[in-house]
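K.L.:
This note's numbering puts the sequence shown at residues 57 to 251.
Quick caveat, the hints were computed from the structure, so don't treat them as lab data.
Heads up, a few of these hints could be off.
[As the list claims (entries may be wrong)] With a straight-line cut-off of 20 Å between C-alpha atoms, the simulated SDA-like cross-links for lysine to any residue are:
| id | residue 1 | residue 2 |
| --- | --- | --- |
| 1 | LYS141 | LYS97 |
| 2 | LYS213 | TRP124 |
| 3 | LYS213 | THR136 |
| 4 | LYS141 | LEU205 |
| 5 | LYS141 | PHE117 |
| 6 | LYS135 | GLU245 |
| 7 | LYS135 | ILE216 |
| 8 | LYS141 | ALA121 |
| 9 | LYS135 | VAL87 |
| 10 | LYS135 | LEU205 |
| 11 | LYS141 | ALA131 |
| 12 | LYS213 | SER120 |
| 13 | LYS141 | GLU207 |
| 14 | LYS141 | GLY167 |
| 15 | LYS135 | LEU187 |
| 16 | LYS213 | GLU191 |
| 17 | LYS213 | VAL241 |
| 18 | LYS97 | LEU81 |
| 19 | LYS141 | ASP122 |
| 20 | LYS213 | GLU169 |
| 21 | LYS135 | GLN156 |
| 22 | LYS97 | VAL80 |
| 23 | LYS141 | HIS184 |
| 24 | LYS213 | ASN170 |
| 25 | LYS213 | LEU180 |
| 26 | LYS213 | ILE150 |
| 27 | LYS213 | ALA137 |
| 28 | LYS213 | ALA128 |
| 29 | LYS213 | GLN140 |
| 30 | LYS213 | GLU146 |
| 31 | LYS141 | GLU212 |
| 32 | LYS135 | GLU186 |
| 33 | LYS141 | THR108 |
| 34 | LYS141 | LEU130 |
| 35 | LYS141 | VAL104 |
[As the list claims (entries may be wrong)] Taking CB as the label site, the calculated pair distances span:
| id | residue 1 | residue 2 | range |
| --- | --- | --- | --- |
| 36 | ARG127 | THR206 | 27 to 33 Å |
| 37 | THR72 | ALA95 | 31 to 37 Å |
| 38 | SER209 | GLY149 | 25 to 31 Å |
| 39 | ASN94 | ARG127 | 35 to 41 Å |
Just so you know, even glycine gets a beta-carbon here, dropped at the ideal spot from N, CA and C.
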Amino acid sequence: MSVMSGLSKRAQSVPTRAAFLIIVLLVLACVYILVELNAHKQRLAQQVENVTTQVNNLAVFAESADEWTQRAGLAEQAKTAWLQKRWIAETPGIAAANAQTYLQSVAQNAGMENVRQSVSSDPLVTDHDELLRFELLGIGSPDTILSVLTELSLSEKSVIVTEFSAPIRTDRRTRFSVSGFFPYVQSSEVSGSQP
Numbered sequence: 057m058s059v060m061s062g063l064s065k066r067a068q069s070v071p072t073r074a075a076f077l078i079i080v081l082l083v084l085a086c087v088y089i090l091v092e093l094n095a096h097k098q099r100l101a102q103q104v105e106n107v108t109t110q111v112n113n114l115a116v117f118a119e120s121a122d123e124w125t126q127r128a129g130l131a132e133q134a135k136t137a138w139l140q141k142r143w144i145a146e147t148p149g150i151a152a153a154n155a156q157t158y159l160q161s162v163a164q165n166a167g168m169e170n171v172r173q174s175v176s177s178d179p180l181v182t183d184h185d186e187l188l189r190f191e192l193l194g195i196g197s198p199d200t201i202l203s204v205l206t207e208l209s210l211s212e213k214s215v216i217v218t219e220f221s222a223p224i225r226t227d228r229r230t231r232f233s234v235s236g237f238f239p240y241v242q243s244s245e246v247s248g249s250q251p
């Protein structure tokens with residue numbers, strides 16, 4: 057019996073070893089599956105985060121697009137206002153005469169003395185505008201100078217002051233000059249662009 061009992065112990069240990077190996081393999085398979093599930097969960101979480109970031113970026117872009125649409129509308133309004141403030145006449149000569157009359161009025165209203173003004177009837181042509189150059193010279197007090205500059209800046213029609221020259225004296229009348237441009241457009245261009 058001792059041989060038999062040794063064989064039976066051996067026969068019993070083989071299934072025990074096989075069962076142990078199967079259990080170890082099952083545990084390893086479970087661990088592998090858990091590791092893969094965790095990695096898949098992390099990939100899905102990263103994808104969700106990426107999609108959330110993209111959605112947020114699109115929301116910001118949509119808000120930004122609305123803002124840029126609004127800015128484009130404001131720019132169009134400013135352009136329309138600019139175009140409406142140009143000096144409109146049939147010819148550059150007529151526009152120059154109208155602008156010269158305007159300068160005489162400004163000088164007279166401000167109380168300038170020894171006034172000389174000139175407006176060129178030969179327009180300076182730029183990419184988008186035609187400009188009539190002007191120069192206004194005279195003598196006046198600091199209040200007169202301020203009055204001239206204020207009236208030019210508040211004009212119903214566009215006046216672009218490019219140069220101003222006056223000595224710094226606050227107590228006496230002094231000689232000063234203002235020069236710049238009047239944006240001009242032919243009246244036929246304005247009526248031709250409107251329906």
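K.L.:
Does each hint fit the structure? Answer for all of them.
P.N.:
Hints versus structure:
Simply put, LYS141 and LYS97 have alpha-carbon atoms about 65 Å apart, too far for the 20 Å limit, and the pair is violated. Of the pairs offered as hints, the one joining LYS213 and TRP124 is violated, with about 29 Å between alpha carbons and a cut-off of 20 Å exceeded. Taking the CA atoms of LYS213 and THR136, the gap is near 13 Å; set against the 20 Å cutoff, the hint holds. Restraint check for LYS141 and LEU205: the C-alpha separation of about 18 Å stays at or below 20 Å, so the hint holds.
Distance hint between LYS141 and PHE117 is unfulfilled; the C-alpha atoms sit about 35 Å from each other, more than 20 Å. For the hint linking LYS135 to GLU245, the alpha-carbon distance of about 16 Å falls within 20 Å, and the restraint holds. Restraint check for LYS135 and ILE216: the C-alpha separation of about 15 Å stays at or below 20 Å, so the hint holds. With a C-alpha separation of about 30 Å, the suggested pair LYS141 and ALA121 falls outside the 20 Å cut-off, and the hint is violated.
Distance check on the hinted pair: LYS135 and VAL87 sit about 70 Å apart at the alpha-carbon level, beyond 20 Å; violated. Distance hint between LYS135 and LEU205 is unfulfilled; the C-alpha atoms sit about 24 Å from each other, more than 20 Å. Of the supplied pair hints, the one linking LYS141 and ALA131 holds, its CA atoms being roughly 15 Å apart against a limit of 20 Å. For the suggested pair LYS213 and SER120, the alpha carbons sit about 35 Å apart, so the restraint of at most 20 Å is broken.
Between the alpha carbons of LYS141 and GLU207 the distance comes to roughly 15 Å, so the proposed pair stays at or under 20 Å and holds. This hinted pair does not check out: LYS141 and GLY167 have alpha carbons roughly 26 Å apart, beyond 20 Å. The straight-line distance between the Cα atoms of LYS135 and LEU187 is roughly 16 Å, inside the 20 Å bound, and the hint therefore holds. Between LYS213 and GLU191 the CA atoms are separated by roughly 16 Å; this keeps the pair inside 20 Å, and the hint holds.
Of the supplied pair hints, the one linking LYS213 and VAL241 holds, its CA atoms being roughly 12 Å apart against a limit of 20 Å. Between LYS97 and LEU81 the CA atoms are separated by roughly 24 Å; this puts the pair beyond 20 Å, and the hint is violated. This hinted pair does not check out: LYS141 and ASP122 have alpha carbons roughly 29 Å apart, beyond 20 Å. A distance of roughly 24 Å separates the Cα atoms of LYS213 and GLU169; the hinted pair therefore is violated under the 20 Å criterion.
Pair hint LYS135 plus GLN156 does not hold up; C-alpha atoms about 25 Å apart against a cutoff of 20 Å. Restraint check: the Cα-Cα separation between LYS97 and VAL80 comes to about 25 Å, which exceeds 20 Å; the hinted pair is violated. Pair hint LYS141 plus HIS184 holds up; C-alpha atoms about 14 Å apart against a cutoff of 20 Å. The straight-line distance between the Cα atoms of LYS213 and ASN170 is roughly 25 Å, outside the 20 Å bound, and the hint therefore fails.
Of the pairs offered as hints, the one joining LYS213 and LEU180 holds, with about 18 Å between alpha carbons and a cut-off of 20 Å not exceeded. A distance of roughly 15 Å separates the Cα atoms of LYS213 and ILE150; the hinted pair therefore holds under the 20 Å criterion. Distance check on the hinted pair: LYS213 and ALA137 sit about 10 Å apart at the alpha-carbon level, within 20 Å; holds. For the hint pairing LYS213 with ALA128, the CA-to-CA distance comes to about 24 Å; that exceeds 20 Å, so the pair is violated.
In summary, the hint linking LYS213 to GLN140 is supported, as the alpha carbons are separated by about 8 Å, within the 20 Å threshold. Restraint check: the Cα-Cα separation between LYS213 and GLU146 comes to about 16 Å, which is no more than 20 Å; the hinted pair holds. A C-alpha spacing of about 7 Å is found between LYS141 and GLU212, which places the hinted pair at or below 20 Å, so the restraint holds. As the CA atoms of LYS135 and GLU186 are separated by approximately 15 Å, the hinted pair is consistent with the 20 Å bound.
With a CA separation close to 49 Å, the supplied pair LYS141 and THR108 exceeds the 20 Å bound. Restraint check: the Cα-Cα separation between LYS141 and LEU130 comes to about 17 Å, which is no more than 20 Å; the hinted pair holds. In summary, the hint linking LYS141 to VAL104 is not supported, as the alpha carbons are separated by about 55 Å, beyond the 20 Å threshold. Checked against the hint of 27 to 33 Å, the pair ARG127 and THR206 passes, with Cβ atoms roughly 30 Å apart.
The hinted window of 31 to 37 Å between THR72 and ALA95 holds, with their beta carbons roughly 35 Å apart. Separation of SER209 from GLY149 is about 26 Å and conforms to the stated range, judged on CB atoms against 25 to 31 Å. Against the hinted window of 35 to 41 Å, the Cβ-Cβ separation of ASN94 and ARG127 comes to about 48 Å, which falls outside the hint.
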